[in-house]
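K.L.:
The chain contents come next:
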Amino acid sequence: MDDTVERDVASLAPVRPHIQVVPLAALPVVGAAVIFVALSIGFNWQWGLMFNHVVGGGLWTGIDLFVGLVIGPILGRLSIPARAEFAARFMPKMMIIMPTVVMMTLATGFQVARQAGNLAASSPNHAWLIVSFCVVGIMAVIALGVLEPANVAVLYEMNKVVPNGERIGRLMKRFIYTAGITGLMQVATLVIMTRLSSR
Amino acid sequence: MPPAHALDADRPYPPIGWLSSGALACVVVGGIILASYAPRTAPLPLATALLCVAAVLLGTAGALLAQLRAFSWKTFGNVFKWALLAYAITSGMIEFAFIHDHTRGSSLLIVTLMLIIFALSVPTTIAFTVARFADLD
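So the protein sequences, as listed, match chains B and S.
Each residue of the first sequence is one higher than the one before, counting from 1 in the numbering used here.
Each residue of the second sequence is one higher than the one before, counting from 1 in the numbering used here.
The following block holds chain B by itself, in its conformation from the complex:
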């Protein structure tokens, strides 16, 4: 069975181009985002802070929900060669998009909360804010400690002359489960953030 899977994956090798783990062409966009965030914080630029937080947070939440609850279950039902083909095109993009939107959201979110007075212990929103820190903290540990290493390992494995299909399948399972967990946790983020902004 495993040998069949391995042969299937190996048969993709001749037609599969070398995978660029981090798409270098997208790095200028990341650089621009970093500069935009730094300037927004440095100059207390209210529109810039809000733009980065809302756009970054909206994309982060939306992508996590979509990947975790829509793409993940579909991937789980695909054959391992099909998963591998999808991952080869999908994961490098996620390597650029996710850290960027997370950086935009978190770096400016703290400043937005400070300016809005939500960090003050007397604020009625303070408790909700702490809950959101905890949700983000759990998501960060799952994403950085489990999901991202698995992503990178899959891409490296697929760049081998003879990729190990069983190993790719196992690592992708990690991706599917952790993406599902972070997707569900984003529902909590939606509740907290809409609650904060409506008070």
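Worth flagging that the hints you see were computed from the coordinates, not collected in a lab.
Treat each hint with caution, since some may be false.
[Unchecked claim] Stretch-level coverage of chain S by chain B, calculated; a stretch enters the list once three of its residues show a Cβ under 8 Å from a Cβ in chain B:
hint : region
1    : 31 to 45
2    : 52 to 63
3    : 73 to 82
4    : 87 to 100
5    : 120 to 131
[What the hints assert, rightly or not] Here are a few chain S residues that sit away from chain B, every Cβ distance over 12 Å (derived from the structure):
hint : residue
6    : Pro12
7    : Val27
8    : Val28
9    : Thr48
10   : Ala66
11   : Gln67
12   : Arg69
13   : Arg104
14   : Gly105
15   : Ser106
16   : Ser107
17   : Leu108
18   : Thr112
19   : Leu113
20   : Ala134
21   : Asp137
Quick reminder that beta carbons are idealized off the backbone N, C-alpha and C, glycines included.
Add chain S to chain B, keeping to what the hints say.
P.N.:
What follows is chain S alone, placed relative to chain B:
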């Protein structure tokens, strides 16, 4: 004849990834405690204790890593350096935000040390996970 990848079949390794992820979890919890008290001064003993636990976990991971012989150090180094660059930039951005928010003294020192552990633990986890499955040098 065994399949080509059998030579680099999954080898048993010490729990280096779990230790460095544990260090990450400690500094994340410490960061939440510090941030939840801002702009007041957070109780530093708890944050310091978490920082120490994180340092011990990461140090243990580093020590175990250094003892590995059958390991793709080339792959580890290649992944580690680029991940370190990415997470050093992220840590720098967070440090900048704390300094901009007038965090000073002991609090700033603890935040800085936590960010250093953050910037080292994530690349360690990523690079180890990749290198453990890579062909030996």
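K.L.:
Taking the hints in turn, state whether each one holds.
P.N.:
To see whether the hints hold, each was checked on the structure:
For a cut-off of 8 Å, the count of residues in the region 31 to 45 of chain S with a CB near a CB of chain B stands at 7, and the three-residue condition holds. Taking a C-beta to C-beta cut-off of 8 Å, the region 52 to 63 of chain S contributes 0 residues in contact with chain B, too few for the three needed, and the coverage statement is violated. Judged by the Cβ-Cβ criterion of 8 Å, the region 73 to 82 of chain S is covered by chain B as claimed, because 3 of its residues qualify and three suffice. Only residues whose C-beta sits within less than 8 Å of a C-beta in chain B count toward coverage, and the region 87 to 100 of chain S has 7 of them, enough to reach three; the restraint holds.
Closer than 8 Å: that is the beta-carbon criterion, and the region 120 to 131 of chain S has 6 residues meeting it against chain B, so the requirement of 3 holds. No beta-carbon of chain B comes within 12 Å of the beta-carbon of proline 12/S; the shortest separation is about 15 Å. The beta carbon of valine 27/S is not kept farther than 12 Å from every beta carbon of chain B, the shortest such distance being approximately 10 Å. With a closest Cβ-Cβ approach of about 5 Å to chain B, valine 28/S is found to fall inside the 12 Å limit, against its non-interface label.
A cut-off of 12 Å between C-beta atoms confirms that threonine 48/S is not in contact with chain B; the least separation is 18 Å. Remark: the non-interface label on alanine 66/S is consistent with the geometry, its nearest Cβ contact in chain B lying 20 Å away (cut-off 12 Å). No beta-carbon of chain B comes within 12 Å of the beta-carbon of glutamine 67/S; the shortest separation is about 21 Å. Non-interface call for arginine 69/S relative to chain B: holds, since the shortest CB-CB distance, roughly 21 Å, exceeds 12 Å.
Every C-beta of chain B lies more than 12 Å from that of arginine 104/S, the closest at about 16 Å, which supports listing it as non-interface. With a least CB separation of 19 Å from chain B, glycine 105/S remains clear of the 12 Å interface cut-off, as annotated. Taking the minimum C-beta to C-beta distance to chain B, about 19 Å, the non-interface status of serine 106/S holds against the 12 Å cut. Distance to chain B confirms serine 107/S as a non-interface residue, since its nearest Cβ pair spans about 14 Å, more than 12 Å.
With a minimum CB-CB distance of about 15 Å to chain B, leucine 108/S clears the 12 Å threshold, and the non-interface call stands. In this structure threonine 112/S is separated from chain B by more than 12 Å, as the shortest Cβ-Cβ distance comes to about 16 Å. At the 12 Å boundary, the C-beta of leucine 113/S stays outside the reach of chain B, the nearest C-beta of that chain being 18 Å off. For alanine 134/S, the shortest C-beta to C-beta distance to chain B comes to about 6 Å, within the 12 Å cut-off, and the non-interface label is violated.
Interface exclusion of aspartate 137/S from chain B stands, the closest Cβ pair being 14 Å apart, more than 12 Å.
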